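Asker: One letter stands for each residue in the lines below.
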Amino acid sequence: MAVLLLALSSCDGLFEYHPNQIILDSDEKNLTAYNLQKIRQQQPGDTLKLIVMGDTQRFYDDAQDFVKKANGFQDIDFVVHQGDISDFGMTQEFKWIHDIMEDLKWPYFTVIGNHDMLANARKVYKKMYGDFNYSFVYGHTKFVFIDTNSREYSFNGKVPDLGWLRGQLQQEPGATWKQAITISHIPPYDGDFDKKLELPFHQTLKESNLVSLSLYGHIHRWLSEYPYDNHILYHATTTVKERGFSYIRIWEGGYDIKRIAF
Amino acid sequence: MKPAALFLLSLLFYTVSLRAYSQERTPSPFHVKAQFAGDLGFLSVGAGRSFLKEKLETDLFLGYLPQKIGGDRIFTTAIKATYVPLRAIQVTSLDWQSLRTGLQLGYTFGNEYFAFEPHDKYPKSYYGFSTALHLYYFLGGQVDFTRVEKLNRFGIYYEVGSNVEYIVSYVQNPAYLSPAKIFNLALGVRMKL
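As they're listed, the protein sequences go chains A and B.
Numbering follows the numbering used here, with no gaps: position 252 of the first sequence is 252.
Numbering follows the numbering used here, with no gaps: position 160 of the second sequence is 160.
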């Protein structure tokens, strides 16, 4: 009996023990590190080209259409998923979205969304992608991915981690990067962002003198505005379900954003 | 959770041993089950009874998924109702129930899961679903060893099932998802008491 069960348990995909089981294939693990390795082999140009999308939740057909449309672009450096990869926080949802996103011609990076923290999904995200807060330098720009899902931490005053953010926005001696872009799921003006940290968050970006663009998802509509002063654009990309994504070009000292429909 | 599982198991064995010592042959409406997979864990045990001339069965299950197998250690309980609309077909010494269908309401234990959204954390109907309670639909059959000596109280059953979250996702995404992607197999043993 035990032998039979063990034999059956190796039939991946035929059986599901639980919707919150975390059983991943080897190509579904540590994707942030894997994609970092991939962009290390790319040569960043003077103008970086990004595709930014998000909030796939349970909209797989729209996500597939997104990939088709995105793959028609030329010379993209990488794609960003703004979070809410899953809807119910179930592992299978992450696997399906990765199965779709893996057809992109370019590496993709994610930031964790509030739906990706439901049930045991924090463990799923950690195993599949990696750290909730991470950053990398690509050409002249540093990209800082930071967890802003304050409500999921019951507004404990520690999320987003401003100490970590401040550290990331300090140019080390001999740094090759000249500017930084932050990427998060929940924008600071939203009710799901810790009110106590809203202005300190903006202050942290502003005082670095390195950030002029900050990217978000979550609100399921387009919104590009300067909510605090004239220095930093807070740009929210609509959801894949609304069939839109951002095409962003970044050069030293500037950027340009186009809203693409599909 | 461990003491609860032990209690249920010992209760089952106690009932089974009582039956073994008695010689009377009146058929009991009660049964016990052991199941592999089916959103109840790696292994689950259940106890229940049948009604309406065995056309309806209800069970209470307790399931366990070890971290080593499932990537996370998960305890689940569920109530399960199975409808058997067709008469069993006799195949030599076996009885085959060609159609069994039903619903299972599972509850996942643990602080990470909520049955209802906690009001101190979320505005009203923020998510609009439960992460601990999952409704699961299944379709299957059962082979009873009715006229097999020493095994006449046993039957084995098979089910393909999917939780409502996957079914909703399939309905909304007919191009990417398919029945094969959302339905999974479960196997079990039933013993009449």
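Check before you lean on any hint, since a few could be wrong.
Here are the simulated lysine to aspartate or glutamate pairs, DMTMM-like style, with alpha carbons at most 20 Å apart [said to hold, decoys possible]:
1) B:68 <-> A:28
2) A:95 <-> A:25
3) B:121 <-> A:99
4) A:123 <-> A:99
5) B:55 <-> B:120
6) B:181 <-> A:99
7) B:181 <-> A:192
8) A:126 <-> A:28
To be clear, the hints were calculated from the coordinates, so they are not data collected in a lab.
This structure is a prediction, so every number in the text was calculated from the model and none was measured.
Asker: Compare the structure with each hint and give your call.
Answerer: Okay, the hints, checked on the actual structure:
Restraint check: the Cα-Cα separation between residue 68 of chain B and residue 28 of chain A comes to about 18 Å, which is no more than 20 Å; the hinted pair holds. For the given pair, residue 95 of chain A sits about 9 Å from residue 25 of chain A by alpha-carbon distance, which is consistent with the 20 Å threshold. With a C-alpha separation of about 33 Å, the suggested pairing of residue 121 of chain B with residue 99 of chain A is violated against the 20 Å cut-off. A distance of roughly 19 Å separates the Cα atoms of residue 123 of chain A and residue 99 of chain A; the hinted pair therefore holds under the 20 Å criterion.
Among the hinted pairs, residue 55 of chain B with residue 120 of chain B is inconsistent with the structure: their alpha-carbon atoms are about 44 Å apart, more than 20 Å. Simply put, residue 181 of chain B and residue 99 of chain A have alpha-carbon atoms about 12 Å apart, close enough for the 20 Å limit, and the pair holds. For the proposed pair residue 181 of chain B and residue 192 of chain A, the alpha carbon gap of about 34 Å is over 20 Å, so the pair is violated. Using a Cα cut-off of 20 Å, the hinted pair residue 126 of chain A and residue 28 of chain A holds, with the two alpha carbons roughly 11 Å apart.
The structure does not agree with the numbered hints 3, 5, 7 stated previously, though it agrees with the rest.
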